[in-house]
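Chains as they are written, first to last, in our numbering: chain S, 1 to 189; chain X, 1001 to 1153.
Note that these hints are calculated values from the structure, not bench results.
Every value quoted in this text rests on a predicted model; they were computed, and no experiment measured them.
By construction, the Cβ of each residue, glycine as well, lies at the ideal position given by its N, Cα and C atoms.
Hints are not guaranteed to be accurate.
Claimed, not checked - Lysine-lysine pairs mimicking DSBU-like chemistry, simulated, CA-CA at most 35 Å apart:
1) K1066(X) x K177(S)
2) K138(S) x K177(S)
3) K138(S) x K1066(X)
4) K136(S) x K177(S)
Unchecked claim - Covered stretches of chain X (in silico footprint by chain S; criterion: 3 or more residues with CB under 8 Å from a CB of chain S, positions within the stretch not fixed):
5) 1014-1022
6) 1030-1042
7) 1048-1057
8) 1060-1074
Unchecked claim - Some chain X residues well away from chain S (every beta-carbon gap over 12 Å; in silico):
9) V1005
10) A1094
11) V1095
12) D1104
13) L1105
14) L1123
15) G1125
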Amino acid sequence: MEAILHFAELAGRSVLGAAIAPVAAGREASSMDEQSFHSLYAATARPIHSYVVAVTGSRDTADDVLQETYFRFLTRRAAAMPLEEARPYLFRIASNLLRDRWRSRREEQWPENFEQQHCADLNAQLDIRRIMQALKPKERLLLWLAYVEGMTHTEIAAATGLTALSVRPLLFRARRKAAALLQPEGKNQ
Amino acid sequence: MTGNVCEREPLVIAALRSGEWPAGLEEHVAACPACAETKRVAQLFHQAHVASAPLQPQPANIVWQKLQARRRQLAIRRATQCMTLMCVLAALYAVAFVAWYLPDLWNRQLASDLTPLSSGVGLAGVLTAIFAVLLGSCCFAYLGSRTDFRLRS
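Chain S with its partners taken away, still in its complex shape (with noise of 0.2 Å):
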């Protein structure tokens, strides 16, 4: 029994590499190679990770969502996208990955341990961390892709799924939100 298992088996790994071969090698022909990658992620994984912590508020939850953005990028999108087509596609990804997990999770509320230490100024981080929690995460990350990332209306509506024309009361209601929040220490100052 042992030695008909065996034959199975060896008979099994030559079926299930010949089953691999054209599956792996399809899929390489329609990728990137690893120097094409490094220069795609160089130019374009700082921002993303950027964008993923302060929406999430959490360095673990960004890895994860970076990795399975370009993961997702590579088996979806061949290698020849240019830069300019690959930045916002990315961003387009990853803000679907975020929208999944606050679906799925409700991770929607931001941390309260999220750790600011390069904050040179306590009141801006206090600041910062009271108004990222208070903001819906739909809000955090307009609020970042328009000013952070000085993305258009149009090129916001491209990496978040909205429509272009919702994105203005959107934006602008965020705004008026986060401002109304910051209003105390304005007016201190």
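Guided by the hints, dock chain X onto chain S, whose structure is given.
Leaving out everything else, chain X in the frame of chain S:
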């Protein structure tokens, strides 16, 4: 400019990002509530950006290796789907064969119908075939479970 939105807000955002303020823009911001509000909120987000700057993403080579490992796993999983299907089909075939043929064989023996298959040699052949099908199904199921285990681990 309206009370809520100003057409020069993009300029304010661009100036904050670059640090270079075109002539007259700061005076405009001081007089425009919408641009002033944009500036205050955008400044806060820039501070958040600066604060998160040391949180670097993982190195590219590590991410690349993880992605390659995941791609291989995905390829293996896709390839083994057909083996799983074969296991299921083999098991279904064995069950259907047993359910269809054994009662028929039993009835023939009861009726003492001396057909070649109901003779001793024929019966032995049929039982051998059933045993072979069952053994093959078990082998496929065993291989499938071991492959799944390797993928999960």
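Verification of the supplied hints:
1. K1066(X) x K177(S): violated (40 Å)
2. K138(S) x K177(S): Measuring from Cα to Cα gives roughly 13 Å; hence the hint holds.
3. K138(S) x K1066(X): holds (29 Å)
4. K136(S) x K177(S): holds (10 Å)
5. 1014-1022: holds (count 3)
6. 1030-1042: holds (count 5)
7. 1048-1057: With 10 residues close enough to chain S, the hint holds.
8. 1060-1074: holds (count 10)
9. V1005: violated (7 Å)
10. A1094: holds (16 Å)
11. V1095: holds (20 Å)
12. D1104: The claim stands: D1104(X) keeps its Cβ more than 12 Å from every Cβ of chain S (closest is about 29 Å).
13. L1105: For L1105(X), whose nearest Cβ neighbour in chain S is about 26 Å away, the distance exceeds 12 Å, so it holds.
14. L1123: L1123(X) is indeed farther than 12 Å from all Cβ atoms of chain S, at 24 Å.
15. G1125: holds (20 Å)
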